[in-house]
Amino acid sequence: MKTIDIIERIKTLKTGLYGKDFLLTWEKSEDDLKMILDVAQTLKQLRESGISPKLFDSGLAISNFRDKSTRTRFSFASAANLLGLEVADLDEEKSQIAHGETVRETANMISFLTDFIGIRDDIFLGEGNKYMREVGEALDEGHAKGVLPHRPGIVNLQCDKDHPTQSLADLLHLRNTYGSVEALQGKKIVMSWAYSPSYGKPLSVPQGIIALMTRFGMDVTLAYPEGYDLIPEITDIADRNAKKSGGNFTITNDMKEAFVDADIVYPKSWAPFHIMEQRTQLLKAGDKAGLQELENKALAENAKHKDWECDVEKMKLTKEGDALYMHCLPADISGVSCKEGEVEAAVFEKYRIRTYLEAGYKPYVIAAMMLTNRFEKPDRILAELFTKGKKRVG
Amino acid sequence: MKTIDIIERIKTLKTGLYGKDFLLTWEKSEDDLKMILDVAQTLKQLRESGISPKLFDSGLAISNFRDKSTRTRFSFASAANLLGLEVADLDEEKSQIAHGETVRETANMISFLTDFIGIRDDIFLGEGNKYMREVGEALDEGHAKGVLPHRPGIVNLQCDKDHPTQSLADLLHLRNTYGSVEALQGKKIVMSWAYSPSYGKPLSVPQGIIALMTRFGMDVTLAYPEGYDLIPEITDIADRNAKKSGGNFTITNDMKEAFVDADIVYPKSWAPFHIMEQRTQLLKAGDKAGLQELENKALAENAKHKDWECDVEKMKLTKEGDALYMHCLPADISGVSCKEGEVEAAVFEKYRIRTYLEAGYKPYVIAAMMLTNRFEKPDRILAELFTKGKKRVG
Amino acid sequence: MKTIDIIERIKTLKTGLYGKDFLLTWEKSEDDLKMILDVAQTLKQLRESGISPKLFDSGLAISNFRDKSTRTRFSFASAANLLGLEVADLDEEKSQIAHGETVRETANMISFLTDFIGIRDDIFLGEGNKYMREVGEALDEGHAKGVLPHRPGIVNLQCDKDHPTQSLADLLHLRNTYGSVEALQGKKIVMSWAYSPSYGKPLSVPQGIIALMTRFGMDVTLAYPEGYDLIPEITDIADRNAKKSGGNFTITNDMKEAFVDADIVYPKSWAPFHIMEQRTQLLKAGDKAGLQELENKALAENAKHKDWECDVEKMKLTKEGDALYMHCLPADISGVSCKEGEVEAAVFEKYRIRTYLEAGYKPYVIAAMMLTNRFEKPDRILAELFTKGKKRVG
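Residue numbers (the working numbering), protein chains in the order written: chain A, 1 to 394; chain E, 1 to 394; chain W, 1 to 394.
Hints were generated in silico from the structure; no laboratory data involved.
Bear in mind the structure is a predicted one, so any value in this text is a computation, not a measurement.
There is no bait here: all hints are sound.
When the alpha-carbon atoms are kept at most 25 Å apart in a straight line, the in silico DSS-like pairs for lysine-lysine are as follows:
| id | chain 1 | residue 1 | chain 2 | residue 2 |
| --- | --- | --- | --- | --- |
| 1 | W | Lys391 | E | Lys388 |
| 2 | A | Lys68 | A | Lys339 |
| 3 | E | Lys54 | W | Lys390 |
| 4 | W | Lys390 | A | Lys390 |
| 5 | E | Lys390 | W | Lys390 |
| 6 | A | Lys316 | A | Lys304 |
| 7 | E | Lys388 | W | Lys54 |
| 8 | A | Lys388 | A | Lys2 |
Next comes chain A alone, as it looks inside the complex:
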C-alpha cells in the first residue's frame, strides 16, 4: 500500500493513544491497534525509501531491562534513534524487586529530560505489569507536581502478562502476509506449546498472541500439554475477544489435532502458570534449594512432552501442508541450537527468513507507540515527514 494511502487511512481512525502508556493490548481499542500498525508501516516505508522520520532534536529514551535481552534491546534502541532520541540504559539487578519509594524516586530521577521509558520485566508473575504501573503513577505525580516538565510515556517491552511490541509486530507480519486485517477473519492460528530443554520461559508471548489475534475474528487455537495453563485471566480475555469479534477461541491438549487445517502455527515453549507462581514465591523468599528442586521437577515434566515438536509430519496436517510458521526468536531448533527442541530443523529452515521478516517489524511498532503517545494527530505529522522528505543519509 502506498505511504500516502496509509496516511489517509490513519486519518479515519479514532484513537485514545495520545498521552497514554502502552501496557496491554487489551486496554486498547481496535482503532488504537490499527493505528499502531499503520504508523509502524508508514515509518518503515519512509525509512526504507531513505526518508528520515526524525521528530526529536534531542531527548532521552530510557531502556529499563530487568532481564537479559538482545533483540528487544536493539529494537528499542533502533526505534529511539529513528525518532531522534538517545538511549540511556538503566540496568538493575534482576533479582531485585524494588518497590515503593525506590521506584517512585528513581522514576523521577531518570526522567527530568526523558521522553520515553521502555520497560522489560517478565520474570516475576504478578510483578512486571504492576511495576510498570507503579512507575507510571510516580511519573504522573512528578508531572502534576512540577518535577517533570513532560510526562514520559511508558512502553511495555514485555511483562508477566503481555508482550505487546511482539504481538503487534506479529500482527503486522500477518497483515502484510495476507493483505489486510480483514483478510485475517476466520484464519486459523495455532498458538502451541512446544518442547524446550530450558525452563522458566515467560508466558507473555502466548498470552499476548491469544489476546490480540482474537480481536480480529481469527480462529485461535491454544494448544498445550495438560498442566501448562496460561494465566486464567488472560484466557478469559481471549475468550471474550473471540465472541465479540466473531472469531473463535479453543483450548486443546493435542498438538496434532490443533495443527489440522491451520493457516498459521506459532509453536513455542513456556513454563506452566502454576510453576511460575511457585517460582515467584521461591525467588521472593530467596529459597535457592527450592528453586533448584522446582527446576528439576519442571524439566522432568517437560521431558515427558518431547513429542510436542513442530516437525515436518505435523506441518503436513496444516492447510495444504503449508501453514505459516511463526516464532518470536530465538527458537530452540532440534539438532541446531539444542538436541531436541521446539521445531525440526527442516521446518525452521523453510520459514527462517520469514521469522526474520516478522522480527523486523518490532522497531517500527515501538516507534509507532512512541509517536502516537506524543503526537495527537499522527496523520498530520507523518504527512509532513513524507512531504518534507528529508534524506537520512548524505
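Put chains E and W on the given structure of chain A with help from the hints.
Frame of chain A; chains E and W shown alone:
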C-alpha cells in the same frame, strides 16, 4: 524571572569560566557561581518552553565513573544530550587507582573527538580530586603538543573534596525557593550528620554545602556527633568564606541545638574523616580483613547515634516549625528504606516532592558548566538560542 | 596539504571500496588504501577546522567487541558520532564462540536499522576473521531476501589475522611524518618482537604491519626470537607484496641486527603462532588446567628473551640513532607499567607524544572506512561538506 531578563543579568557577570575545568566551587568567584546558576536556569526555561538549546552538532561527552551512580549518571547523560553531545562511558574497576602513564595516556586516547569528561571519583580520600587534576594536566599536554585539536573540559561529578554539581543544584533550588541569592543572606542552614545503617558515605556533599553556602552570607551550622569531622582544610574554607561574605559558620555536636530556628536543614550521613583516611590506606594495601574490622568498628560507632534522626520533634524546633528539608537523595528513610535512618518517614514525605525538584536542577547545572567552559559569551549564545527558538519536538 | 588538494587527489583514485566490508588490507588495492588515507586525512582536517562531516541524520553503528578494549572502542564511537551515527554495543561473553544459526540470526536481528557493524574478535586463531565473514554472509542473505533494507558494512576492528584500522592509522602517521606515501619507498621499518611479562598478545598488529608496509616499497624487517613465528600465510603475503612493490621483506632472529640503520622501529610483544594455536584448541575444549600449563610454559619461554627490549643502546644502532619509534599502545614500559617490558622508559618518553599522535588517526581511519563503504564518490561528498562548511559547535 523571565528568560530574557536572566540573559540580561548574565551580561553583567564577569567570569573566568571559559576554557576552565569545574573542579571545586571554592576555586571559582561569586560571579562564576552566579553565572552557573543563571545559565542553568536559562537552559531549564528554554527546554521547558519547548526550545532546544542544542549547541553541538556532534561530539562526545565521556562519563568516567569510578563509583556506582544512577542519579548523577543520568544527569550527565541528560546534560550532554541537551547540548547535542553523545555520552560514551569509560568504566573502570573501582578498586583500581590508576596513576602516571596510564592516566596520561588514557586521558588522551579517549579525547581525540571529545568535548567534555565528567569524572566521579569519591571513594579514596586524597585521590579523587588529584586524579581529576592529573587527567587535566594530561589533556593540557595533549592539546599543547597537537594531539588533541580541542582541550576537553572536565566536570567534577563528585570527588573526595567537593560535589559541585550537587551543591550548585542545591543553591539553585534555594535561590528559586527564596527568590534571589540576596535573599539567602542571614538564612540559617543546618548541614547535619544523620544516622544511617550503612557506612563509608562520602564527605563531599556536606563539604560542598558548607563551602558553598558560606559564600552568600548564609548562617551555616555544621552539626555532627563528636568524632565525625570533615576534612579540616574544608571547614577552614567555610570559616573564611563566612567571614568574607558577612555570614556565619558554626560547628556543634548537638543536632537539636543546631535545628533551633533553622530556615533550612540538610540531614545526611557521612563517614568520619579519620575513618575514610584509614579506609583509603587499607584499600590501597588490599587489606580485606582490616577493612572488615574497620567497617564493624564504624558501624558500631554509628549505632551509638541513632538519635541523630531528622524527626518530627526536631523539625518543630526550626523556624516556625517549618524549615525547608533538603537531601541529595536517596535518603535513608526510617521504616521505609531501612529500619532506622536519617529521616522520619513523615518528615520525608512532607518534603519528598521538594527533594525531587531539588534534584531536577542537576542536569542543567552540568549543562551550564559545559556551556560556560566552551562559550566565552554565554549571554550571546543563550540570546541566540532564545531568539531562534528551535522547537525540540516535531 | 590543503583539504581541497586532497579532495582533488581523491578524484584520481580508482577504488572498489563502495559497498564492501573492510576486513583485510591485502584484499584491497593500493588505490583503496590510499583512498582510506586521504578520506581519513580530509575528515581530520574538516573536524579540526570546526567543520562537521555529519552525513547521517540517524542510524546505528554497532560495536561487537568479543574482547576488552578501550582505545578501539572509543575510536569506533568517535568515528560513528563524527558521521552522525549512534553506537549500540553488542557485548558477548568472550569465552563463547557462536556459530551457525546464532550468528546468522543475531546478525540480522541487530541490523534492521543499522549502517555499520564494527567487530573485534582477536582471541581465537582461525576464528575472528571467519566470524566476520559469517556475519557478512548472513547480512548478504538478509539483504537479498528483503529482511534488511540496507546491507550494513562491516569494519574489522581487529581479528586473528589483521588489524587494518591500526595499520592504516600507522601508515597515515608515517605518511604525515615523511610527507608522502612515495617518500616511504626504501625506508627501513623494523617490526620487532619485544619482551612482555604478559602472555597471549594477539598477532594481528605485527601481521597487519608487515602485510601493509610491504605494499609501498618499504624495507620491512620482521625480527623475533626463534619460535615466535607469525601465521605463515601472512609472512608469505608480506613476501609477495615486497617483491611486487619493489620493497624488501626480511626475517631475522636478532633484534640488534634488525635495528641497524632502521628509519622506523615498532617493538611489540606477541605470542608465538603455535602457542596461539594450542591455546585456541584448549579454549575450545575448555581445558583450564591445560591453559594454565600452556601459560606457564609460554611465560617461561618469554622470560628467556628479556633482552628483547627497545632500549637506548639499541636505538643508537638506528639511522642517525634517531629512528621513529612506533607502538599501538598501551606499551609495556620497563619500570613504569611493569618491571621489565617492551621498551626502556627513556625511549618511550622521547616518543610518547608521537605515539599519541599515531593513535589519533584511528577514529578518522574508521570513519573513512564507513564513508567509502557508503558513498560511491567520496570526493564529491567531501567537497560538498567542505563547501557547505557547517560549523560543528555553536
